[in-house]
Each structure stands twice: as structure tokens, then as C-alpha cells.
Amino acid sequence: MKLDHMVVLVRSLEASLPWYAALLDLIGFTKTRDHVWTSDDGLSIDLKQAKASTSDYERYAPGLNHLGFTAPDMAALDAVREGMAAAGFEVPEKQAFEGETATFFRDPEGMRVEVTVYS
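Counted the way the UniProt record's numbering counts, the sequence shown spans residues 1 to 119.
Hints are computed from structural coordinates only; laboratory data are not their basis. Be a bit skeptical, because a hint or two may be false.
[Claimed, not checked] So the derived label-pair ranges between C-beta atoms look like this: (1) A76 <-> H5: 31 to 37 Å; (2) F89 <-> D46: 17 to 23 Å; (3) S39 <-> L13: 19 to 25 Å; (4) A85 <-> R33: 23 to 29 Å; (5) E98 <-> Q49: 35 to 41 Å.
C-beta: ideal position from N, C-alpha, C; glycine also.
Produce the complete structure using the sequences and hints provided.
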């Protein structure tokens with residue numbers, strides 16, 4: 001079996017949709033319907049409005065911790081970083097780990113979305 005889809009609940013669709021549209025387009029997802037983007041291999045990410053009474057994202061709270069995507073090379077990671085900056089979003093520094101380099105973007109809710117190059 002393969003992962004089919006992920007649903008990400010956000011505090012504000014108005015604030016989050018432009019951020020996700022920019023990032024998901026840059027990493028190869030295509031918008032397939034309102035609030036849904038799908039990759040070439042069929043993985044869909046669906047954004048939905050969270051209920052007002054729920055708490056905000058916390059780093060170690062239960063629920064989705066972060067989304068991680070693999071870039072094929074450093075040029076692809078740099079293109080995503082440049083695209084997000086050009087779209088007006090904050091771009092954190094690259095982080096180097098043993099055998100990988102990553103950028104941990106933060107969506108408008110504070111959830112991390114990682115784009116990593118493995119060496």
C-alpha cells in the first residue's frame with residue numbers, strides 16, 4: 001500500500017492557501033481542485049479549515065509534526081527557497097546534518113514543512 005493523501009487543518013485558509021500554493025507548486029504538486037494539490041505519484045495534500053476552539057500547532061503536541069519532501073539535488077532545494085522568497089514568504093537558513101541538507105519552512109500556523117537533499 002502507498003500513502004494516498006494527507007489532510008492539513010489550518011487556522012486560516014485565507015492565510016495558508018497562498019503559502020501552500022507557492023510551496024507545493026515549487027516542489028512539483030499540481031492543484032487538482034479547491035484546496036487540494038496532487039503529486040505525479042498520486043499523493044494528495046488537502047487543506048481544511050480547523051475548528052475555532054482547537055489549540056494552535058505545537059512542536060511536540062499530538063498530531064502531524066511536519067511534512068517532509070525530498071529534493072533531487074541542491075539546485076532544486078535552492079529553487080524552492082528562491083521561489084518562496086520571491087513569493088514573499090520567510091525562508092529559514094539551510095541546516096546541514098550528516099548526509100543531508102534541509103530547510104524547515106514554517107507555514108502560517110507554525111507547522112514545519114521540510115525540503116531535504118540527501119547526499
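**OP:** Please flag the earlier hints that this structure goes against, numbers listed from lowest up.
**Re:** Number 1 - this is the single hint that the structure violates.
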